[in-house]
Amino acid sequence: TSFVFFGKQEIMCDEREREREMKRDWSDIPSELVHAISKRIPGLCDFVRFRAAYKKWHSSIPLSDAPPQLPWLLEGNVDGQAKTTNLQEQHRFYSLFTGERGTIYVKPSCQGKRFRGPSHGHLLLCKSIYTSFRLSSHLFNPLTDEEFLLPPQPSPADWQWQPVHNCGFESWAFYDAHNSEWIAAERRFSHSCAYLGGLIFSSRGGDCTEIFYVSGLKVHEVPPLLEEMQIRWPPTSYLIESDGGLLRVSLYLDCSDHSYFRIYKLMHDETIYFWEETSNIGDQVLFLDVADGFSMSATSFPDDLIKGNSIYFLYPDSCQPCRYDIQQGSMERLLCPFQICTWFVPTLNRVLN
1 TSFVFFGKQE IMCDERERER EMKRDWSDIP SELVHAISKR IPGLCDFVRF
51 RAAYKKWHSS IPLSDAPPQL PWLLEGNVDG QAKTTNLQEQ HRFYSLFTGE
101 RGTIYVKPSC QGKRFRGPSH GHLLLCKSIY TSFRLSSHLF NPLTDEEFLL
151 PPQPSPADWQ WQPVHNCGFE SWAFYDAHNS EWIAAERRFS HSCAYLGGLI
201 FSSRGGDCTE IFYVSGLKVH EVPPLLEEMQ IRWPPTSYLI ESDGGLLRVS
251 LYLDCSDHSY FRIYKLMHDE TIYFWEETSN IGDQVLFLDV ADGFSMSATS
301 FPDDLIKGNS IYFLYPDSCQ PCRYDIQQGS MERLLCPFQI CTWFVPTLNR
351 VLN
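So the sequence shown is residues 1 to 353, counted in the UniProt record's numbering.
Hints are computed from structural coordinates only; laboratory data are not their basis.
A few of these clues could be false.
Label pairs and their in silico Cβ distance ranges [stated by the list, open to error]: (1) S318 with H58: 34 to 44 Å; (2) H220 with C110: 33 to 43 Å; (3) S297 with L253: 26 to 36 Å; (4) N280 with P67: 22 to 32 Å; (5) P67 with L199: 23 to 33 Å; (6) K265 with C45: 35 to 45 Å; (7) G282 with E147: 34 to 44 Å; (8) I272 with P30: 51 to 61 Å; (9) S279 with I231: 19 to 29 Å; (10) Q90 with P30: 37 to 47 Å; (11) Q327 with D28: 43 to 53 Å.
Computed from a predicted structure; not experimentally measured.
The C-beta atom is built at its ideal place from N, Cα and C for all residues, glycine as well.
Can you build the whole structure from these sequences, using the hints too?
This is the structure:
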């Protein structure tokens, strides 16, 4: 009987403790602790909800201070010839990693314009895929409604360049931090491109990789890979800046689930550049779309969300997301609610900070 009585007392104490916790003014916890908690929230939607819980939290955590975000899958509607998405009134999104899903509402001034992914927080919009990129393009963040027009003409190339976006329209835009201006590259590139250390790299499967200055002046060539030249149908190739270096990522498609990747790092010895195959990209994770890709570090996120040395890609034709383990050489198909989609890294930051 005494044991039962003790149990009841314990339950009553627990209930009183819960009541005190419920009545506690959580808005009074130190701002430093609120900030530390907010940095451990993996989903952007949950970050916004957390920030909105109390006025004090709202004022102590700026929107621009959201933790790093893994990319969403943004629903698209693809023009079969141009493989671009026509912005509609609303687009659904889904996260493979946190399970977040919802709808982005596009403001009227941007509806009907086209973009092509993947995108880092901003979409590069064009009125038409056949319209000159330099004459009618701008950046748009669908989460903040911020727009930024790109200049109609290129500028001198003797400034300190900072890359901003590889748009998939076979053109490049750069931001000159010294003069606070956007500049369009003078040369149009028709194949897979990447930017690294003031140079633009352009290539396609089975061909040389050409290296240019931003002005369009060609400075180097990287010899083609023999294994790509010796096959009838070259692989789909991507050039991706990753962890301060350049990767050439080649996708060899198979009608079954035996598609595989071969990955090469750009190496150089004085003035000679060459590709060296690797099966280890460390903590980096690659995200590939139909035509472009980007790299992120897995160490920026909780261990249970994502692992390094892997590739997330959209399977050509079906756009189904897949995960490829580089070390094991194995592919896994992932569930997605969309038939057509692209990668989109959400951000609440301004395009220009």
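Within 35 to 45 Å: is that where the Cβ-Cβ distance between K265 and C45 falls?
holds (36 Å)
Has the hinted range 22 to 32 Å been met by the Cβ atoms of N280 and P67?
Given about 27 Å between the Cβ atoms, the range holds.
Distance restraint evaluation - H220, C110, Cβ atoms, bounds 33 to 43 Å
Holds: the Cβ-Cβ distance is about 39 Å, inside 33 to 43 Å.
Starting from the hint 19 to 29 Å, judge whether the C-beta atoms of S279 and I231 obey it.
Holds, since S279 and I231 (Cβ atoms, about 20 Å apart) stay within the stated range.
Within 23 to 33 Å: is that where the Cβ-Cβ distance between P67 and L199 falls?
holds (32 Å)
S318 versus H58 beta-carbon gap, inside 34 to 44 Å or not
holds (42 Å)
So the hint says 26 to 36 Å: do the beta-carbon atoms of S297 and L253 match that?
holds (28 Å)
Check the following: the C-beta atoms of I272 and P30 are separated by a distance inside 51 to 61 Å.
holds (57 Å)
Range agreement (Cβ of P30 with Cβ of Q90, hint 37 to 47 Å)
holds (39 Å)
Distance restraint evaluation - G282, E147, Cβ atoms, bounds 34 to 44 Å
This hint holds: roughly 37 Å between Cβ atoms.
Look at the Cβ atoms of Q327 and D28 and judge whether their distance stays inside 43 to 53 Å.
holds (48 Å)
Hint compliance for this structure: every hint is met.
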